[in-house]
Amino acid sequence: MRKLKRQLCAGPYIVWIIGFTVLPILMILYYAFTTPEHRFTLENVLSIAEPIHLKALLLSVRLALECTVLCLLLSYPLAMILNGLKIKRQSFIVFIFVLPMWMNFMLRILAWQMLLSNNGIINSILQALGFSGVSILNTPAAVVFGMVYDFLPFMILPIYNSLVRIRSDVIEAAKDLGASNMIVFFRIIVPLTMSGVISGVIMVFVPALTSFVISDLLGGGKVLLIGNVIEQSFMQGMNWNLGSGLSIVLMVFVIASMAFMNSHTKETEGTAVW
Amino acid sequence: MGKKLIELQHIQKSYNGTQILDDLNIYFNENKFLTLLGPSGCGKTTTLRLIGGFEKPDSGQILFDGKDITMLPPNERKVNTVFQKYALFTHMTIAENIAFGLKISKKSKAYINDKIKYALKLVNLDGYENRSVDSLSGGQQQRIAIARAIVNEPKVLLLDEPLGALDLKLRQDMQYELIRLKNELGITFIYVTHDQEEALTMSDTIAVMNQGYIQQIGSPEDIYNEPCNAFVADFIGDSNIIDGVMLADKLVSFLGIRHACEDTGFGQKQPVDVVIRPEDIELVAPDEGFLSGDITSVIFKGVHYEIEVLSNGFEWLVHTTRFFPVGAHVGLKVIPFNIQIMHKPESSDERAVGLDA
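Listed in order, the protein sequences are those of chains A and B.
Going by our numbering, the residue at position 190 of the first sequence is 190; the numbering climbs one at a time, nothing skipped.
Going by our numbering, the residue at position 148 of the second sequence is 148; the numbering climbs one at a time, nothing skipped.
Treat the hints as calculated values from the structure; they're not laboratory data.
Among these hints, one or two may not hold up.
Derived DSSO-like pairs: lysine-lysine, alpha-carbon spacing no greater than 30 Å straight-line [as the list claims (entries may be wrong)]: (1) Lys56/B x Lys88/A; (2) Lys3/B x Lys56/B; (3) Lys117/B x Lys169/B; (4) Lys78/B x Lys117/B; (5) Lys103/B x Lys182/B; (6) Lys32/B x Lys85/B; (7) Lys250/B x Lys269/B; (8) Lys121/B x Lys32/B; (9) Lys85/B x Lys86/A; (10) Lys56/B x Lys182/B; (11) Lys86/A x Lys56/B; (12) Lys85/B x Lys88/A.
For reference, chain A alone in the conformation it holds in the complex (with noise of 0.2 Å):
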């Protein structure tokens, strides 16, 4: 009796569950292998294959690696850092690093389209010092920007938290046993922040290969993502045939890197996030 009692409590959950999750998916499936006259067919999967399609997805990927690869190099020396410093000012500055989560994010991404508009501030700034302004909204390094900006508190949260799991006497009985500062680096605090790495990892490259916003408004609608071709056929196209099946591929993608990620994690010390 009590554990049904329990377990109705789930009951909203599961609702919310089949109704927005698992009812959705299904139709993406079944969409994405019928026609408009709803027989089978694998052509809106298999349409990946046409060269627009192909690019913007070999541009996703290539987009979302630079991105992924920019904030690991950028989160690393940070968490480090924020490690390294006193107690109480830690907490604090974690904060500070998390606190533009807590914006909505479509604010965020519109202000540095203000700011990095051929009139904006930054341009401005440019030209008031001398230097010749620089026209970087509407390109890929503009998309990868803002990508950079918006994801990076989830690459460095974890790797931060891989670290101060690292207990001091580790460090200190590897220096004991005559390793320097580079051997205490390599072999020990990287192996020990590798699950952390990984987490960041798939939390930084899943939403940057399929976003479609940033690039919407940082790429001025000439940087075509394979999220915006999905967006596009559902909105503009009006054909959720195709949309559904290329989201299907998408969804391939994902969750492949994501075992490939996961393959490479012997052990998850409770620092993987998702």
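Chain A is fixed; fit chain B onto it per the hints.
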């Protein structure tokens, strides 16, 4: 005595304005088991960390084999440390843990494999090469930590309360293991503990520390039988410590009575601490002792009874194998040889406080 291997000279160290060590001078001889013993916060761990290189003194010098190593980083010192919480590398196997130091010093593969086998045998964990750290118990992890340190053939092994996290039975077993290891390896062990029994069991020499000062250095027998002040007497085993006045050579007065003792040279009317070990007091008929009193509590401790006797306003602690009922009126007897007379501490700094260990 063997030659001096490590010498600390005039070491000062403070953290955030709190003085931990104030002009510490101590040396450690070769091939000895030396223990730094004291309550928490007495500076013993700081002393060990200074030798290991994890801390730098504010002033003073550390000599190793006659050479100044004060500013040398830990990875360049010929000492290895066994940490309280083992500090094993959880992302490596047992064999990789043990090989860590050897790989850094670029030893050959065959040599490393031999050493791993040898070290695991030494700590009674043969065949554990490919186990993961997490699959080991606390005692086993500590043995691996010891193995990982000794394969590097340090001249000195530093042990920072290595048995602190183990349960009582295991701790006692490990004490004998450590003595055996020390004898087999023939290297110097510097051991930090707050457990006086551990110190007495294992050490060749004990340095009792309190509040950053060394109170007494000596063999376990010396420290136990001839404590030099009330702090040492109280910290090493149980003691009855009574305020007294030295009346003349070999005559002391305390609690309103006079008693013969064997100490001389204190001068007349000198306030002193009178220390009597509980096992040195004999319970006799009321009129046969130097004092008489009523028994207020009796606790059976296995080997002996721990009896408290209230007499002249002082709770005497007595260890005896004979049973007495609570409320019995008894006399206390002690032979003069077993009365220890000590100078009162000169400054409040030296006074025993914070016996929380």
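Right, here's what the structure says about each hint:
{"no.": "1", "hint": "Lys56/B x Lys88/A", "in the structure": "holds, 24 Å"}
{"no.": "2", "hint": "Lys3/B x Lys56/B", "in the structure": "holds, 25 Å"}
{"no.": "3", "hint": "Lys117/B x Lys169/B", "in the structure": "holds, 27 Å"}
{"no.": "4", "hint": "Lys78/B x Lys117/B", "in the structure": "holds, 22 Å"}
{"no.": "5", "hint": "Lys103/B x Lys182/B", "in the structure": "holds, 24 Å"}
{"no.": "6", "hint": "Lys32/B x Lys85/B", "in the structure": "holds, 24 Å"}
{"no.": "7", "hint": "Lys250/B x Lys269/B", "in the structure": "holds, 13 Å"}
{"no.": "8", "hint": "Lys121/B x Lys32/B", "in the structure": "holds, 23 Å"}
{"no.": "9", "hint": "Lys85/B x Lys86/A", "in the structure": "holds, 23 Å"}
{"no.": "10", "hint": "Lys56/B x Lys182/B", "in the structure": "holds, 28 Å"}
{"no.": "11", "hint": "Lys86/A x Lys56/B", "in the structure": "holds, 19 Å"}
{"no.": "12", "hint": "Lys85/B x Lys88/A", "in the structure": "holds, 25 Å"}
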